[in-house]
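S.K.: Below are the chains, spelled out letter by letter.
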Amino acid sequence: MTFRYLPMTDHDKRSMLDSIGVESTDVLFSDIPEKVRFKGDLNIKPAASEPELMKELSQLAGENINTKDYTSFLGAGVYDHYIPSIVDHVLSRSEFYTAYTPYQPEISQGELQAIFEFQTMISELTGMEVSNSSMYDGGTSLAEAVTLSAGQTKKKKVLVSKAIHPHSLEVIHSYAMGQNIEVVEIEARDGLTNLSMLADELDEETAGVVIQYPNFFGQIEPLEDVQEILKDSKAMFIVSSNPLALGYLTPPGEFGADIVVGDTQVFGIPAQFGGPHCGYFATTKKLMRKVPGRLVGQTQDEEGRRGFVLTLQAREQHIRRDKATSNICSNQALNALGTSVALSALGKKGIKEMAYQNMQKARYAKKQFEEAGFQVLYSNAFFNEFVLQVQGSVTTLNEKLQEKGMIGGLDLERIHSDLGGHMLVAVTEMRTKEEIDRFVKELGDVYA
Amino acid sequence: MRNEDFPLIFEHSQEGRVGFSLPDLDVPEVDLNVEVPYVRNIDANLPEVSELQIMRHYTALSKRNHGVDSGFYPLGSCTMKYNPKMNEDVARMPGFSHIHPLQAPESVQGALGLMYDLQTSLEAITGMDQVTLQPAAGAHGEWTGLMMIRAYHEANGDYNRTKVIVPDSAHGTNPASATVAGFEAVTVKSNEKGLVDLEDLKRVVDENTAALMLTNPNTLGLFEEEILDMAEIIHEAGGKLYYDGANLNAILGYARPGDMGFDVVHLNLHKTFTGPHGGGGPGSGPVGVKSDLAPYLPKPIVTKVQERYVFDDNRPDSIGRVKPYFGNFGINVRAYTYIRTMGANGLKQVSEYAVLNANYMMRELEKDFDLPFSQHCKHEFVLSGKRQKKLGVRTLDMAKRLLDFGYHPPTIYFPLNVEEAMMVEPTETEAKETLDEFIGAMRQIHKEASDNPEIVQEAPHTTIVGRMDETTAARKPVLRYQK
Numbered sequence: 001m002t003f004r005y006l007p008m009t010d011h012d013k014r015s016m017l018d019s020i021g022v023e024s025t026d027v028l029f030s031d032i033p034e035k036v037r038f039k040g041d042l043n044i045k046p047a048a049s050e051p052e053l054m055k056e057l058s059q060l061a062g063e064n065i066n067t068k069d070y071t072s073f074l075g076a077g078v079y080d081h082y083i084p085s086i087v088d089h090v091l092s093r094s095e096f097y098t099a100y101t102p103y104q105p106e107i108s109q110g111e112l113q114a115i116f117e118f119q120t121m122i123s124e125l126t127g128m129e130v131s132n133s134s135m136y137d138g139g140t141s142l143a144e145a146v147t148l149s150a151g152q153t154k155k156k157k158v159l160v161s162k163a164i165h166p167h168s169l170e171v172i173h174s175y176a177m178g179q180n181i182e183v184v185e186i187e188a189r190d191g192l193t194n195l196s197m198l199a200d201e202l203d204e205e206t207a208g209v210v211i212q213y214p215n216f217f218g219q220i221e222p223l224e225d226v227q228e229i230l231k232d233s234k235a236m237f238i239v240s241s242n243p244l245a246l247g248y249l250t251p252p253g254e255f256g257a258d259i260v261v262g263d264t265q266v267f268g269i270p271a272q273f274g275g276p277h278c279g280y281f282a283t284t285k286k287l288m289r290k291v292p293g294r295l296v297g298q299t300q301d302e303e304g305r306r307g308f309v310l311t312l313q314a315r316e317q318h319i320r321r322d323k324a325t326s327n328i329c330s331n332q333a334l335n336a337l338g339t340s341v342a343l344s345a346l347g348k349k350g351i352k353e354m355a356y357q358n359m360q361k362a363r364y365a366k367k368q369f370e371e372a373g374f375q376v377l378y379s380n381a382f383f384n385e386f387v388l389q390v391q392g393s394v395t396t397l398n399e400k401l402q403e404k405g406m407i408g409g410l411d412l413e414r415i416h417s418d419l420g421g422h423m424l425v426a427v428t429e430m431r432t433k434e435e436i437d438r439f440v441k442e443l444g445d446v447y448a
Numbered sequence: 001m002r003n004e005d006f007p008l009i010f011e012h013s014q015e016g017r018v019g020f021s022l023p024d025l026d027v028p029e030v031d032l033n034v035e036v037p038y039v040r041n042i043d044a045n046l047p048e049v050s051e052l053q054i055m056r057h058y059t060a061l062s063k064r065n066h067g068v069d070s071g072f073y074p075l076g077s078c079t080m081k082y083n084p085k086m087n088e089d090v091a092r093m094p095g096f097s098h099i100h101p102l103q104a105p106e107s108v109q110g111a112l113g114l115m116y117d118l119q120t121s122l123e124a125i126t127g128m129d130q131v132t133l134q135p136a137a138g139a140h141g142e143w144t145g146l147m148m149i150r151a152y153h154e155a156n157g158d159y160n161r162t163k164v165i166v167p168d169s170a171h172g173t174n175p176a177s178a179t180v181a182g183f184e185a186v187t188v189k190s191n192e193k194g195l196v197d198l199e200d201l202k203r204v205v206d207e208n209t210a211a212l213m214l215t216n217p218n219t220l221g222l223f224e225e226e227i228l229d230m231a232e233i234i235h236e237a238g239g240k241l242y243y244d245g246a247n248l249n250a251i252l253g254y255a256r257p258g259d260m261g262f263d264v265v266h267l268n269l270h271k272t273f274t275g276p277h278g279g280g281g282p283g284s285g286p287v288g289v290k291s292d293l294a295p296y297l298p299k300p301i302v303t304k305v306q307e308r309y310v311f312d313d314n315r316p317d318s319i320g321r322v323k324p325y326f327g328n329f330g331i332n333v334r335a336y337t338y339i340r341t342m343g344a345n346g347l348k349q350v351s352e353y354a355v356l357n358a359n360y361m362m363r364e365l366e367k368d369f370d371l372p373f374s375q376h377c378k379h380e381f382v383l384s385g386k387r388q389k390k391l392g393v394r395t396l397d398m399a400k401r402l403l404d405f406g407y408h409p410p411t412i413y414f415p416l417n418v419e420e421a422m423m424v425e426p427t428e429t430e431a432k433e434t435l436d437e438f439i440g441a442m443r444q445i446h447k448e449a450s451d452n453p454e455i456v457q458e459a460p461h462t463t464i465v466g467r468m469d470e471t472t473a474a475r476k477p478v479l480r481y482q483k
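So the sequence lines, in the order shown, correspond to chains A and B. Each residue of the first sequence is one higher than the last, beginning at 1 in the UniProt record's numbering. Each residue of the second sequence is one higher than the last, beginning at 1 in the UniProt record's numbering.
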C-alpha cells in the first residue's frame with residue numbers, strides 16, 4: 001500500500017541507499033539491539049482510505065449530541081458564544097497553523113505580531129501592565145500563578161476560594177503538591193467566598209490569595225473588599241477571570257490584582273470537548289521577569305524597521321534548564337490567534353454589547369424561572385450564570401431535556417455532593433427569548 | 001510608526017467602525033447599574049475595524065510567516081512534518097468541535113469511544129499498559145509522568161528519592177520539569193559516541209535516584225544502544241526509567257519504549273502524530289505507564305464498561321487532575337485520524353523514510369560540514385559549524401543565510417554538547433528533490449563562507465525585515481501597544 005503523505009518512490013529509495021552506501025534501510029536500524037526490536041505488526045486498526053475514514057469518523061461524530069443542533073444552557077467554564085466566521089478563515093491560513101514557535105523572527109513576523117496584539121488586548125481587558133503569549137488553559141494558568149506567588153514571596157501557603165472552578169482547584173492541588181505548597185480552601189457562603197474566613201486565614205506565611213471573578217456560580221465577587229483585606233499583606237492577589245465579563249465589569253487590575261489569569265475560550269474558540277482552549281496570564285511590570293511561558297516584545301531591525309521577537313527568554317526552560325520559572329515550552333498560539341481575530345471583530349463596542357446581552361438574557365431567564373415558581377439561589381450580582389433549585393435529580397432532568405432538543409445546565413451534584421437538586425444555568429447571547437421561554441416551560445412541565 | 005512599518009491592527013482602528021454582528025436584544029432590559037457594583041468606566045481599547053480590514057490584516061500577517069506548507073522546515077527535534085488537511089476537516093465536524101466537556105457522558109459516546117481507541121492505539125505503539133490523554137503538551141506530560149513517579153516512590157515509603165538524572169544532551173525541558181515536580185536534576189555525561197556514558201551513569205546513580213529521563217534516539221539523533229544496561233542500572237537502584245517521546249518518529253514499529261525497559265512515556269502528538277504546531281501550540285502530551293504506575297495516573301481515565309464508555313473518577317491513588325476536562329481533545333482527534341490513515345504498516349514506513357531521509361542528508365552534508373558522530377543516525381542528525389567558524393562564519397549566520405533560500409533553518413546551538421550545532425530533521429514527508437535542493441543550498445553557503453563570507457555574515461538579504469535588535473528588546477521590554 002502506498003500513502004499519500006509519503007512521497008518516496010522505490011527509485012528514490014534505491015538511489016538514496018546507494019548514496020549512503022548501504023544495502024537496505026534495515027541496516028540503518030541495526031543499532032537497535034536485537035532484544036528490543038519489535039517483531040510483527042503493531043496491534044492497531046488497519047489503515048483506511050480517505051473516503052472510508054471520513055465516513056466512519058463522520059458517523060462517530062454524529063453519535064455526539066452537539067451544541068449546534070441542541071440548545072445549550074450548559075456553561076461552567078466553557079460557553080456557547082458567537083464565533084464570527086472570519087475566525088476560522090484566518091486560522092485556516094496554513095502559514096499560521098503549520099508553523100513552529102517563532103524562533104526565526106525574519107520569517108515569523110506574522111505570528112510574532114499577532115501574539116503582540118494578543119498581549120495588548122489581554123492587558124487592555126484585565127487592566128494589567130503586561131500579558132504573556134498564552135498558557136495551556138485557564139486552570140493550568142491559575143496553577144502557574146499560584147506557584148509563581150510562592151516562588152516570588154518565598155512562602156509556602158496559598159488561600160484559594162472554593163468558589164473557583166472545581167477543576168482549577170484540583171489542578172492547583174496537583175501543582176502545589178509538586179512544589180510542596182500548602183493549599184487552604186476558603187469556603188463559599190451564599191455563593192460568594194467567605195471573606196471573614198479569608199481574613200482569618202491570612203497571615204505572614206501566605207504567598208497568595210486566589211479569587212474567581214465572576215466565580216464558578218456566576219456571582220460577582222466583591223474584589224474591593226478582598227483588596228481591603230490584602231492592603232497590609234505581602235500576599236499576592238491572584239484573580240481568575242472570564243475575560244468576556246471584563247468587557248463590562250471593572251477589570252481586576254483596578255483592584256490591585258498582582259496576577260490575572262483565565263481562559264479566552266469565550267472569544268472565538270469552540271468548546272471541542274474541553275480543549276484546546278487558551279489560558280491567559282497577565283501581571284504587573286514588577287513581575288514581568290518571572291512570568292511563565294513566552295513573551296513577545298517590540299524592537300527594530302538593523303534598518304530601524306519595527307519588528308517583534310520572543311524576549312526575556314532568560315526565564316525559560318531552554319536557557320535556564322532546572323532554574324527556569326516554569327517548564328512550559330508551548331503556548332496556545334493558534335487559539336490565541338483565534339481570540340485576537342474574534343476580539344478584533346467584536347472591537348471596543350462589540351465586547352460591551354456581547355457582555356451586556358449575556359447579563360440581560362441571564363436576568364430574563366432568572367426572572368422567568370422565578371415567576372414559574374422556581375427558586376434561584378443567591379441574591380448577589382451575577383454575570384451570565386445562576387444556580388437553579390429543582391426537585392429531584394438534575395441528571396434525570398437533563399435526560400428529559402435532551403429528548404426535547406436541549407442541553408440543560410450542569411448538575412452541581414457532580415461537583416459538590418451537597419448540591420444535589422441544583423443546576424448551574426448559563427445563558428449567553430446565543431440564546432433567544434423563545435429558547436429561554438421554552439427551556440423554562442419544559443422544566444416546569446416536568447413537574448406538572 | 002515609520003512609513004515602512006507594518007501596521008498593527010490597532011493602527012487601522014477608526015471610531016465607529018464595527019466588525020461584528022449580534023442580534024438586537026430580544027428580552028426586556030433591566031437597569032444593570034442598580035445591581036452590578038463594578039462597571040467598567042474606561043472601555044478596553046480594542047480595535048474598531050471592518051471585517052475586510054481584519055481579513056486583509058491577518059492575510060498580510062500570514063504572508064509574513066513561514067509554515068510547513070510554505071516550504072521545507074528541517075527544524076531538528078520538532079518533527080515539522082506535513083499536517084494532513086483531512087485531520088483539520090475531521091476536527092471541525094460539529095460532533096467533535098461543538099461538544100461540551102460537561103455534557104452527560106451518555107450524550108458523547110462517540111467522543112469517548114475515540115479517546116478510548118486512541119488510548120489503546122498509543123498503548124500498542126509504545127508498549128505501555130495504560131495511557132492518559134490529559135496532559136496538554138510534552139512538558140506537561142513530563143511533569144505528569146514525574147509526579148506519578150514521585151507518588152509511586154512515596155507510596156513505597158521512599159521519601160528520599162529526590163534526584164532525577166538527565167543526560168547533558170537533553171532538552172532543557174527535562175531538568176525544568178524535574179524541578180517543577182519537586183526533584184533535583186542531576187546530569188549524566190555523554191561519551192565520545194554521543195551516547196550516555198554508562199560509567200558516569202553508575203557514578204551518579206544512588207539510593208536517592210527517583211528516575212532517569214531519556215530521549216531515545218537521543219537529541220543527537222543516535223539510538224542509545226546500551227538501553228537495556230541502562231534500564232538495569234536504574235531499576236537495580238530502585239529508580240524508574242522515563243521516556244521523552246520527542247523523537248518517537250524514528251522508531252515507530254521498529255522498537256517500543258515499553259520493550260526497552262521504560263516505565264513512563266510521554267508523547268508529543270503534535271510532532272509524531274501530525275497535530276499542527278500552530279505557531280507554538282496547542283500541543284497534546286499523552287502519558288503511558290507500566291501497570292505498577294497505573295494507579296497514579298491523573299483522573300479521570302476513559303474506560304469501557306459493557307460496550308459503553310465512562311469516565312473513571314474513582315482512583316484514590318491518582319496524582320489528581322493535571323488539566324481541566326480531558327486534555328486537548330481537538331488535537332487528539334487529529335492524531336487519531338492520522339493513526340487510522342496510516343495503520344501499522346504505514347507507521348513503520350513513516351519511521352523508515354524519516355530515517356532514510358536523515359541518513360541521506362547527513363552523508364551528503366558531511367562532505368562540507370563537520371559531523372561529530374559518524375554512525376548511522378535515526379530521524380535527525382547534528383552537524384557542527386566548526387569548520388566554517390574558522391572562516392569567520394558562525395552557525396547563526398548560516399541559519400540566517402538559509403532564509404534567503406526560502407528555508408526554515410535547522411535547530412541551532414542545540415544540543416549544548418556540540419559546538420556551533422546545527423540539528424537537522426527532514427521528516428518522512430519530504431520528497432528527495434526537496435532534500436537535494438536543500439543540500440545544494442547548504443553547499444553553496446559553505447562555498448560562500450570561504451569565497452565571500454560577508455554575504456553569509458550579513459544575511460538575510462531577502463526577508464521582509466533584517467536581523468532584530470534582541471538586546472534592546474530584552475533591556476527595555478515593550479510587550480504591548482500603547483497609543
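What the hints contain is simulated information worked out from the structure, not anything from laboratory work. C-beta atoms are modelled at their ideal positions from N, C-alpha and C, and glycine is treated no differently. Check the hints yourself; a few may be wrong.
Here are the simulated EDC-like pairs of lysine to aspartate or glutamate, each with C-alpha atoms no more than 20 Å apart in a straight line [claimed, not checked]:
hint: 1; chain 1: A; residue 1: Lys-162; chain 2: A; residue 2: Glu-442
hint: 2; chain 1: A; residue 1: Lys-349; chain 2: B; residue 2: Asp-26
hint: 3; chain 1: A; residue 1: Lys-45; chain 2: B; residue 2: Asp-368
hint: 4; chain 1: A; residue 1: Lys-285; chain 2: A; residue 2: Asp-418
hint: 5; chain 1: B; residue 1: Lys-299; chain 2: A; residue 2: Glu-170
hint: 6; chain 1: B; residue 1: Lys-432; chain 2: A; residue 2: Glu-442
hint: 7; chain 1: B; residue 1: Lys-348; chain 2: A; residue 2: Glu-129
hint: 8; chain 1: A; residue 1: Lys-285; chain 2: B; residue 2: Asp-129
hint: 9; chain 1: A; residue 1: Lys-352; chain 2: B; residue 2: Glu-35
hint: 10; chain 1: A; residue 1: Lys-367; chain 2: B; residue 2: Asp-129
hint: 11; chain 1: B; residue 1: Lys-389; chain 2: B; residue 2: Asp-368
hint: 12; chain 1: B; residue 1: Lys-193; chain 2: B; residue 2: Asp-370
hint: 13; chain 1: A; residue 1: Lys-367; chain 2: A; residue 2: Glu-442
hint: 14; chain 1: A; residue 1: Lys-352; chain 2: B; residue 2: Asp-129
hint: 15; chain 1: B; residue 1: Lys-348; chain 2: A; residue 2: Glu-442
hint: 16; chain 1: B; residue 1: Lys-367; chain 2: A; residue 2: Asp-10
Now the stretches of chain A that chain B is said to cover, found in silico as 3 or more residues with beta-carbon under 8 Å [as the list claims (entries may be wrong)]:
hint: 17; segment: 229-241
hint: 18; segment: 281-295
hint: 19; segment: 316-322
S.K.: Each hint should be assessed against the structure and marked as holding or not.
M.R.: Cross-check of the supplied hints:
1. Our distance criterion of 20 Å between C-alpha atoms is broken by Lys-162 (chain A) and Glu-442 (chain A), whose separation comes to about 32 Å.
2. Using a Cα cut-off of 20 Å, the hinted pair Lys-349 (chain A) and Asp-26 (chain B) holds, with the two alpha carbons roughly 18 Å apart.
3. For the suggested pair Lys-45 (chain A) and Asp-368 (chain B), the alpha carbons sit about 44 Å apart, so the restraint of at most 20 Å is broken.
4. Distance hint between Lys-285 (chain A) and Asp-418 (chain A) is unfulfilled; the C-alpha atoms sit about 42 Å from each other, more than 20 Å.
5. Between Lys-299 (chain B) and Glu-170 (chain A) the alpha-carbon distance is near 10 Å, which keeps this suggested pair within the 20 Å criterion.
6. With a C-alpha separation of about 64 Å, the suggested pair Lys-432 (chain B) and Glu-442 (chain A) falls outside the 20 Å cut-off, and the hint is violated.
7. Only pairs whose Cα atoms come within 20 Å are accepted, and Lys-348 (chain B) paired with Glu-129 (chain A) is rejected, the gap being roughly 50 Å.
8. This hinted pair does not check out: Lys-285 (chain A) and Asp-129 (chain B) have alpha carbons roughly 47 Å apart, beyond 20 Å.
9. Our distance criterion of 20 Å between C-alpha atoms is met by Lys-352 (chain A) and Glu-35 (chain B), whose separation comes to about 17 Å.
10. Using a Cα cut-off of 20 Å, the hinted pair Lys-367 (chain A) and Asp-129 (chain B) is violated, with the two alpha carbons roughly 53 Å apart.
11. With a C-alpha separation of about 13 Å, the suggested pair Lys-389 (chain B) and Asp-368 (chain B) falls inside the 20 Å cut-off, and the hint holds.
12. Distance restraint check for Lys-193 (chain B) and Asp-370 (chain B): the Cα-Cα separation of roughly 15 Å lies within the 20 Å cut-off, and the hinted pair is therefore satisfied.
13. Pair hint Lys-367 (chain A) plus Glu-442 (chain A) holds up; C-alpha atoms about 16 Å apart against a cutoff of 20 Å.
14. For the given pair, Lys-352 (chain A) sits about 50 Å from Asp-129 (chain B) by alpha-carbon distance, which is inconsistent with the 20 Å threshold.
15. With a CA separation close to 54 Å, the supplied pair Lys-348 (chain B) and Glu-442 (chain A) exceeds the 20 Å bound.
16. Distance check on the hinted pair: Lys-367 (chain B) and Asp-10 (chain A) sit about 25 Å apart at the alpha-carbon level, beyond 20 Å; violated.
17. Against chain B, the segment 229-241 of chain A contributes 0 residues with a C-beta closer than 8 Å to a partner C-beta. That does not satisfy the three-residue criterion, and the hint is violated.
18. Counting residues of the segment 281-295 of chain A whose C-beta sits closer than 8 Å to any C-beta of chain B gives 3, which meets the bar of three, so the coverage hint holds.
19. Using a Cβ-Cβ cut-off of 8 Å, 7 residues of the segment 316-322 of chain A lie near chain B, which meets the minimum of three, so the contact claim holds.
In this structure, the earlier hints numbered 1, 3, 4, 6, 7, 8, 10, 14, 15, 16 and 17 are contradicted, and the remaining ones agree with it.
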